[in-house]
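Q: Next come the chains, spelled out residue by residue.
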Amino acid sequence: MKAAVLVFPGSNCDRDLAIAFRAAGFETAMVWHKETELPADVDLVGVPGGFSYGDYLRCGAIAARSPIAAALKAHADRGGFVFAPCNGFQILTEAGMLPGALLRNAGLKYICRTVGLRVEETESAFTSRYDRGQVIDVPIAHHEGNYTADDETIARLNGENLVAFRYVATPNGATDGIAGVLSPNRRVLGMMPHPERAADPLHGGTDGAALFAGVAAALVSA
Amino acid sequence: MKVKVTVMLKTGVLDPQGEAVRHALGAMGFDGVEGVRQGKLIELDLAEGTTEADVTAMCEKLLANTVIESYAIEM
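Order-wise, the sequence lines are chains A and B. Taking this note's numbering, the leading residue of the first sequence gets 1, the next gets one more, and so forth. Taking this note's numbering, the leading residue of the second sequence gets 1, the next gets one more, and so forth.
Read the hints as simulated data drawn from the structure, not as lab findings. Please note that the accuracy of each hint is not assured.
[To be verified] With the Cβ distance kept under 7 Å, some of the chain A side facing chain B (calculated, not the full set): (1) K2; (2) G54; (3) M97; (4) A155; (5) R156.
[Unchecked claim] Beyond 12 Å from chain A on every Cβ pair, some chain B residues (computed): (6) K4; (7) P16; (8) L25.
Quick caveat: nothing in here was measured; it's all calculated off a predicted structure. Note that the Cβ used here is the ideal one computed from N, Cα and C, for glycine as well.
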């Protein structure tokens, strides 16, 4: 099983993500944003958290147009797995790979703490190892995590069960408490919380580890 | 050729920064500030012959996120 983690100037969760991928059994390569191709036969691509390009213009806006972005889109179009926490989620919405946008938190504050997430949908490799309705503890650390989209999009996400996770108590103003969104083929997941920071006992919690194990299991059984 | 692009959050999209500015103005004693919307102004220095269609493409593809923002071009 092969994974790649994209690295942009200002990424700061790239190594955390690589550690979580490796712990789940992925041979993981780091890929600089100026590359135009992903390593051959990559199954899973991580778009990490951080402050790509210093959040200039809008969070994720420049990264979404960087040279590696076309290869990322092609990977997703081929049905490859993409996992994008925090800034990664912002990058995917900016790239048009997931719907909606992330606005400044409703309280205008950067929020860094562990929150409860309700697993809303288990029909995806990412969430297959959780139970529907299970509450997991995962850290958030963001200033722009207030998920928004037009009413039609929100209705579609809810109706097609593409909301993977909702906050138990919404900390940032996100519409319908949406914390994580799946693509229609359920192989692309963007979410504001950081499961890679709850994947090892030393993190203080391991509720995030099952997400990476779920993708690994899906690839082994495929 | 200088071109100005104004990018604003769309009507209906909550602007928490604008709200914070409105509250601050009220707290300072400026009565009657009923709304504040905060956006950004982008100045482009373009080669002669650049068309409005070119600038529109720049706005659509990068300068504005049309999911949440609207833009106005001043050539």
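Q: Taking the hints in turn, state whether each one holds.
A: Checked hints:
Proximity of A:K2 to chain B is violated relative to the hint, the smallest CB-CB distance being about 32 Å (cut-off 7 Å). For A:G54, the interface hint is violated, the least distance from its beta-carbon to any beta-carbon of chain B being 15 Å, above 7 Å. Of the supplied interface hints, the one on A:M97 is violated, with its beta-carbon coming no nearer than about 13 Å to a beta-carbon of chain B, more than 7 Å. This hint is violated: A:A155 has a C-beta 16 Å from the nearest C-beta of chain B, more than the 7 Å allowed.
Taking 7 Å as the C-beta contact cut-off toward chain B, the hint placing A:R156 at the interface is violated, the least distance being around 14 Å. With a minimum CB-CB distance of about 16 Å to chain A, B:K4 clears the 12 Å threshold, and the non-interface call stands. The non-interface label for B:P16 is inconsistent with chain A: the shortest C-beta to C-beta separation is roughly 5 Å, within 12 Å. At roughly 15 Å, the least C-beta separation between B:L25 and chain A is larger than 12 Å, which holds for a residue marked as non-interface.
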